[in-house]
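Undergrad: Dock chain R against the given chain L, drawing on the hints supplied.
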Amino acid sequence: MSEVIHADHHDDADHHGSGDHGPEKGLARWLFTTNHKDIGTLYLWFSFLMLLIGGVMALIVRTELFQPGLQFVNPEFFNQMTTNHGLIMVFGAIMPAFVGLANWLVPMQVGAPDMALPRMNNLSFWILPFAFGIMISTLFMEGGGPNFGWTFYAPLSTTYAPDSVTFFIFAVHMMGASSIMGSINIIATILNMRAPGMTLMKMPMFVWTWLITAYLLLAVMPVLAGVVTMMLFDIHFNTSFFDAAGGGDPVMFQHIFWFFGHPEVYIMILPAFGVVSHILPAFSRKPLFGYDSMVYAVASIAFLSFIVWAHHMFTVGMPLAGQLFFMYATMLIAIPTGVKVFNWTATMWKGSMTFETPMLFAIAFVVLFTIGGFSGLMLAIAPVDYQYHDTYFVVAHFHYVLVPGALFSIIAAVYFWFPKWTGKMYNETMGKLHFWLSFIGVNITFFPQHFSGLAGMPRRIPDYALQFADFNMLSSVGAFIFGFSQLVFLYVIIHGIRNGKPAEGRSWEGARGLEWTLPSPAPYHSFTKPPQVRDEEVHG
Amino acid sequence: MTDRSNPQKNVQRTVRQSMLIVLGMCCFVVAMVPLYDLLCEITGLNGKTGGPYTFDPATTEPDKSRLVRVNFITNANGGMVWDFWPEKGGVRVHPGELKEVNFYVKNTTDRVMMGQAIPSLVPITATQYFHKTECFCFNQQILQPGEEMAMPMRFIVDRDLPKNVQSINLSYALFDITEAMGDVAVVGG
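Just so you know, the sequences run in chain order L and R.
When the first sequence is numbered by the working numbering, its final residue is 540 and no position is left out of the sequence of numbers.
When the second sequence is numbered by the working numbering, its final residue is 1189 and no position is left out of the sequence of numbers.
Excised from the complex, chain L in its bound form:
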């Protein structure tokens, strides 16, 4: 291990020789930073804060649903909680967390000194606190905040929306601007700043998945901005894009929204695929199985994501040909996804596996994401979707792909690269405790929702029929276990930063990739001279 660090001494030498400066002191460091590591840290802490806020909202929802009847909150507030929970988790927790990971990892993994556009990087982060400040502030306004579901279907979000919807629209515009700038930055870094010798097909999987994700973001964020702008015009300027009375069509809203929305759900899962493709090989001590097919699978999933949007709206009354097309196109996605799951399994096959916390989260990802994928296949079947549509079965499906899917992969990434970021080792016992509490909590929360959904419990309701009482009580208990186990996560992180044992450069025996050739913690400025890309570090 020590040879590896020494092999990079030129980097250290350069570090001391060039009169290089470390971070500024105090608040100014974080406000004006253009350093990819600082900005990555900001993104990650911001998304953790949003995870807690969105999580509290989820717990308010689950508290109300603990028993049938209305106990704690009124239905209007309940609707605001479900809506804001969704918006904050999607746009505030999952997406910024992945951008934070990209900031930390992409330059180190491609051997670049920083992101290609460091000042824009600062701007794209600092927009976010304002965007979410505006959005959360609407909850305290007269008439309340967004209450129309995270999908904000018109005319519920136009004609029947609370007055604060205008603030919501501008918040979405700001998030979109932030995402577009972040994507351009990531694309520019990956395409132009790779170390010599790192060809596209030698890039680490996380870099590949983010490159494709960034293109998806570029393609669909303008669509989101467009649809909320049309809402703005309908509300304030007497247009009738979505108002049937004026010749518009509310169904068009759903088409445009889901044309954004479906690629959006892959934006939230493709980087997760990348993360898992690093962790599984590291703890199986084997290279990733089928690297090329992994790249092509991600690209095919990204392409297919643009032609399946109407499977979210089978029940609007579309012609049979449309239903068949969207049904088969959706099922087609199972093929590249199956390739990925197969490759992950084959990576572990006959490997010398150990089960540290990141590995546990990664394995749980593969298993539970696949469960979410299968329920997705069930939902793709147009004729049966008429029964599942807008029930808790849908809630169970997308929470299985987003919580033990996207969120578990983010947690796994934090544990995996934590020693590289901080130079310290987290407490493994506490990490495992966090894993098992989360794993048990998440399944108790969401598995019963499959059954209540199949039995016909609609989503987004504060009260429900008595026969769903047991499943809901179970779900609520699980939600509290899962929610509070994230405080264990916070403890592990803070304890690790303060009291963790020093970590080696290559913190995990099986870890491969340029970032592991750097010392831990990674120096504030790394790879100021492009590193050598050696074969044993790629395809790790």
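Everything labelled a hint here was simulated from the structure, so no lab data went into it.
Heads up, the beta-carbon is just placed ideally off N, CA and C, and yes, glycines get one too.
Hints may contain errors.
Negatives, chain R to chain L, calculated, CB over 10 Å [claimed, not checked]:
1. A1058
2. E1061
3. D1083
4. H1094
5. E1097
6. D1110
7. E1147
8. D1160
In silico DSSO-like cross-links for lysine-lysine, where the CA-CA straight-line distance does not exceed 30 Å [unchecked claim]:
9. L:K529 x L:K202
10. R:K1064 x R:K1163
11. L:K501 x L:K286
12. L:K529 x L:K25
13. L:K529 x R:K1009
14. R:K1009 x L:K202
TA: Chain R only, in chain L's frame:
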């Protein structure tokens, strides 16, 4: 692949290309609205029947071999308080035959109001074969307090109506557009 001698220039080029994608998608989303309308008009997908149709009974012979049932459904949408009902629940017509049906609205409030009816037709495969020479949905209605009005609707079911369509349901949703009273304009029927 790229020229490594000038990384700054390469980055600028990538940024320009990325901005082009963003710009292109902005244009696409603006174009989506007319494209959607066009697609619906061609295919009848959203069940909206077309605007005024010119029809000369002298040149078209009704197809006496077929009878199609046309059902009428009326509902006042959301906050609309007017009464709205058809003369009868349905009629049987021969394809190619001009038929007139009356619809009635009554302003039950004590203020002047404006309404707009929006049609929707199922099955959508019949949308292009349902023509209206006159319809109250082609324009808005302004009713005085307590006023009642009879509104004629004249239609022809096209002779080319697919053979498997035996009944057509035509629904009208009546919207309260009093707020837009200032700028009365004819919208698509």
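Undergrad: Given the proposed pairing of K529 of chain L with K25 of chain L, does the C-alpha separation stay at or below 30 Å?
TA: 26 Å, holds
Undergrad: Could you check that no beta carbon of chain L comes within 10 Å of the beta carbon of D1110 of chain R?
TA: Given that every Cβ of chain L is farther than 10 Å from that of D1110 of chain R, nearest at about 22 Å, it holds.
Undergrad: Since D1160 of chain R was said not to touch the interface, does its Cβ keep a gap of more than 10 Å from each Cβ of chain L?
TA: It holds; D1160 of chain R is separated from chain L by about 18 Å at its closest Cβ, greater than 10 Å.
Undergrad: A cut-off of 10 Å on Cβ-Cβ distance, and E1097 of chain R was said to be off the interface with chain L. Does that hold?
TA: At roughly 27 Å from the nearest Cβ of chain L, E1097 of chain R sits farther out than 10 Å, so the non-interface label holds.
Undergrad: Compute the least Cβ-Cβ separation between A1058 of chain R and chain L, then decide whether it is above 10 Å.
TA: A1058 of chain R is indeed farther than 10 Å from all Cβ atoms of chain L, at 33 Å.
Undergrad: For E1061 of chain R, is the shortest beta carbon distance to chain L beyond 10 Å?
TA: For E1061 of chain R, whose nearest Cβ neighbour in chain L is about 31 Å away, the distance exceeds 10 Å, so it holds.
Undergrad: Check the non-interface label on E1147 of chain R: least C-beta distance to chain L beyond 10 Å or not.
TA: Fine: 20 Å to the nearest Cβ keeps E1147 of chain R off the interface.
Undergrad: So if I understand the rule, the pair passes when the alpha-carbon distance is 30 Å or less; does K1064 of chain R with K1163 of chain R pass?
TA: Since the Cα atoms of K1064 of chain R and K1163 of chain R sit roughly 14 Å apart, the hinted pair holds (cutoff 30 Å).
Undergrad: What's the verdict on K529 of chain L and K202 of chain L, does the C-alpha distance respect the 30 Å limit or exceed it?
TA: Holds: K529 of chain L and K202 of chain L sit about 19 Å apart, inside 30 Å.
Undergrad: Is it true that the CA of K529 of chain L sits at most 30 Å from the CA of K1009 of chain R?
TA: At roughly 19 Å apart (the allowed maximum being 30 Å), K1009 of chain R and K529 of chain L satisfy the hint.
Undergrad: Does H1094 of chain R really sit off the interface, with its C-beta more than 10 Å from all C-beta atoms of chain L?
TA: 27 Å, holds
Undergrad: Quick one, are K1009 of chain R and K202 of chain L close enough, alpha carbons at most 30 Å?
TA: 24 Å, holds
The earlier numbered hints are all upheld by this structure, with none contradicted.
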